[in-house]
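Just need the whole structure built from these sequences, with the hints factored in.
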Amino acid sequence: MAVSCLTLSVSLCYHYPEPTAPERGQTCGHCTFASAECRNRRLRMTNNWNERWDALADRLAQMTLERYPEMATYLGVHTYDHHVYDNSETARVAEIRALYSLLREIQSIPREQLSPERALDHALAESEIPHRLIDLEAWRSWTHDPDVPNSIVVGGVFALAKRSFAPPEERLKAVISRLKQAPVVFEHARRQLSEPARVPTEIAIQQVKATIGFFEQSLPAAFREVTDTKLWNEFEEANRAVIDTYRAYAAWLEEELLPRAQHPFAIGERLYSLRLKWGEGVEMPLDKLIDIGKRELQRLQEEFTKTAARIDATRSPREVFDEMAKDHPAADQLIPFTQQMLEELRQFCIDREVVTIPSDVRCRVEETPEFMRELTFASMDTPGPFEEVATEAFYNITLPAPDWSPEDVEGHLRAFNRYNLTAISIHEAYPGHYVQFLWLKHAPTRLRKMLGSYSNAEGWAHYCEELFMELGYKAEDPRYRLAQLHEALLRACRYVAGFGMHTQGMSVDEAKQLFVEQAHMEPINAEREAKRGTVDPMYCNYTLGKLLLLKLREDLKRKQGAAFNLRQFHDNYLKAGFPPIPLLREQMLGEVGEVL
Numbered sequence: 001m002a003v004s005c006l007t008l009s010v011s012l013c014y015h016y017p018e019p020t021a022p023e024r025g026q027t028c029g030h031c032t033f034a035s036a037e038c039r040n041r042r043l044r045m046t047n048n049w050n051e052r053w054d055a056l057a058d059r060l061a062q063m064t065l066e067r068y069p070e071m072a073t074y075l076g077v078h079t080y081d082h083h084v085y086d087n088s089e090t091a092r093v094a095e096i097r098a099l100y101s102l103l104r105e106i107q108s109i110p111r112e113q114l115s116p117e118r119a120l121d122h123a124l125a126e127s128e129i130p131h132r133l134i135d136l137e138a139w140r141s142w143t144h145d146p147d148v149p150n151s152i153v154v155g156g157v158f159a160l161a162k163r164s165f166a167p168p169e170e171r172l173k174a175v176i177s178r179l180k181q182a183p184v185v186f187e188h189a190r191r192q193l194s195e196p197a198r199v200p201t202e203i204a205i206q207q208v209k210a211t212i213g214f215f216e217q218s219l220p221a222a223f224r225e226v227t228d229t230k231l232w233n234e235f236e237e238a239n240r241a242v243i244d245t246y247r248a249y250a251a252w253l254e255e256e257l258l259p260r261a262q263h264p265f266a267i268g269e270r271l272y273s274l275r276l277k278w279g280e281g282v283e284m285p286l287d288k289l290i291d292i293g294k295r296e297l298q299r300l301q302e303e304f305t306k307t308a309a310r311i312d313a314t315r316s317p318r319e320v321f322d323e324m325a326k327d328h329p330a331a332d333q334l335i336p337f338t339q340q341m342l343e344e345l346r347q348f349c350i351d352r353e354v355v356t357i358p359s360d361v362r363c364r365v366e367e368t369p370e371f372m373r374e375l376t377f378a379s380m381d382t383p384g385p386f387e388e389v390a391t392e393a394f395y396n397i398t399l400p401a402p403d404w405s406p407e408d409v410e411g412h413l414r415a416f417n418r419y420n421l422t423a424i425s426i427h428e429a430y431p432g433h434y435v436q437f438l439w440l441k442h443a444p445t446r447l448r449k450m451l452g453s454y455s456n457a458e459g460w461a462h463y464c465e466e467l468f469m470e471l472g473y474k475a476e477d478p479r480y481r482l483a484q485l486h487e488a489l490l491r492a493c494r495y496v497a498g499f500g501m502h503t504q505g506m507s508v509d510e511a512k513q514l515f516v517e518q519a520h521m522e523p524i525n526a527e528r529e530a531k532r533g534t535v536d537p538m539y540c541n542y543t544l545g546k547l548l549l550l551k552l553r554e555d556l557k558r559k560q561g562a563a564f565n566l567r568q569f570h571d572n573y574l575k576a577g578f579p580p581i582p583l584l585r586e587q588m589l590g591e592v593g594e595v596l
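Residue numbers for the sequence shown follow my numbering, beginning at 1 and rising by one.
Among the hints, erroneous ones may be present.
What the hints assert, rightly or not - Restricting the straight-line Cα-Cα distance to at most 25 Å, the calculated cross-link-like pairs of lysine to any residue (SDA-like) are:
(1) Lys209 x Asn525
(2) Lys162 x Ala238
(3) Lys575 x Leu75
Since the hints were made in silico from the structure, they are not lab data.
In structure tokens form, the structure reads like this:
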């Protein structure tokens with residue numbers, strides 16, 4: 001390798017070459033023609049740089065689709081539906097070399113010579129590639145997180161089963177191909193888990209066991225209309241082999257890996273800083289970022305206390321919220337209740353000119369798939385930006401499990417009280433994730449439809465929760481504001497816990513207590529949130545992204561004055577794709593400035 005990824009922050013701080021074309025009013029060093037001819041020459045040079053960049057951008061896009069076939073399926077590119085991510089060490093080494101080679105070529109392109117949209121793509125690529133290299137060379141999740149092979153296998157199969165982008169027989173053939181490659185994925189994983197961490201291993205055991213039910217029941221049900229007996233028999237044989245592989249892997253995790261899973265899960269200050277820099281475009285001292293998060297948590301607590309007093313000043317804020325949380329749909333009514341709510345939220349977006357909704361297609365509310373239950377309450381599954389046939393979108397809601405105690409069921413449903421559920425649905429659907437990913441089809445370039453940042457996507461959705469309250473949604477009932485603040489406290493606790501567990505030595509139990517005390521969560525849900533932070537170290541990005549977006553809006557409003565238009569701001573933000581927000585600052589403001 002040319003350089004370690006841990007030196008990227010130094011090695012990638014290069015300077016572009018000085019432009020060889022003359023400045024306005026000068027003559028070219030290669031000719032004695034008038035300045036108009038020089039400008040024509042500069043235009044030809046710019047076109048040449050644009051063409052060179054287009055070729056490199058296509059290479060990066062193609063490399064990404066080929067290397068990550070499951071991602072290609074989700075994006076709506078079905079050329080690689082029969083392929084599986086190669087998790088061998090040989091393939092990873094080859095990817096690292098290819099990325100360094102491509103990065104050097106990208107760095108040879110002077111960004112100032114590119115058209116504006118290409119310049120933003122160039123900046124996006126210059127952050128995306130180092131971010132991947134950091135994951136490949138430093139984080140190396142496959143050495144300590146046993147759920148990695150499960151994510152590869154079930155994610156790829158689920159993408160083929162969920163969306164009807166082709167006849168079921170054609171999709172089933174791709175499923176069979178991916179199933180047949182699954183045992184090799186797990187073989188590689190066993191050899192590579194050299195530094196297992198205990199909590200991620202415990203999560204993986206739960207996830208792997210839960211996923212067996214998906215292969216036993218959900219996957220066959222998804223293709224029940226297939227009548228080709230030979231094809232079905234081939235599927236059943238491959239599926240049985242995968243089920244056996246999963247059972248053997250779960251037993252190995254429990255009996256062999258868990259007893260020696262003593263390695264720390266924390267990624268440390270250096271790696272945390274690098275992931276923030278290259279993944280989110282944020283380069284600030286960690287202590288300053290930690291202080292920002294703690295101040296936001298304190299601000300939200302004060303607002304939570306004030307709002308609770310408006311509802312019932314005779315009770316403590318926690319008592320007010322606990323009483324409010326009792327008002328929730330029954331488990332069997334949660335999905336239809338949510339579907340009805342979405343129409344009201346969508347209409348508010350239209351009536352108040354919040355944002356343009358670029359499609360009339362509605363999302364469907366469904367139960368969270370079995371294999372996703374352990375780490376999510378609710379999530380949005382949207383069609384990929386390149387998908388032309390299967391345009392369905394699914395808003396997944398996690399229902400109580402059949403074997404839960406009545407107390408655990410009630411604790412879970414309290415998180416879905418009608419007020420919290422409104423905030424969650426704003427986040428996931430209107431105008432949050434669903435609207436943002438509808439806009440992806442209109443992103444100006446291929447790269448912008450594929451690549452983006454965690455803090456942009458989650459920051460937008462989280463920002464929308466606060467935005468609706470700001471615009472007066474349900475203003476007559478302070479319980480909706482209290483619920484929005486409750487969700488914001490959850491995200492702020494993720495921020496504090498993410499930094500705390502990975503850079504400050506915070507334990508999982510301490511993080512759980514943080515969620516109980518500061519986010520007013522039930523213990524069962526607080527424990528899930530704390531454990532999630534061990535395998536999702538950057539879940540600070542919900543609050544971080546919201547704060548970045550609010551700062552961008554504030555700065556643009558100050559610059560534009562009376563000409564500022566909220567819907568236009570949101571549309572311009574969304575139509576750009578979802579690159580790191582500091583890159584959008586440069587495009588929308590003309591400068592980066594202070595990002596927070």
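For each hint, the structure was consulted:
1. A distance of roughly 20 Å separates the Cα atoms of Lys209 and Asn525; the hinted pair therefore holds under the 25 Å criterion.
2. About 19 Å separates the Cα atoms of Lys162 and Ala238, which keeps this hinted pair within 25 Å; it holds.
3. A distance of roughly 17 Å separates the Cα atoms of Lys575 and Leu75; the hinted pair therefore holds under the 25 Å criterion.
No hint from the list above goes unmet by this structure.
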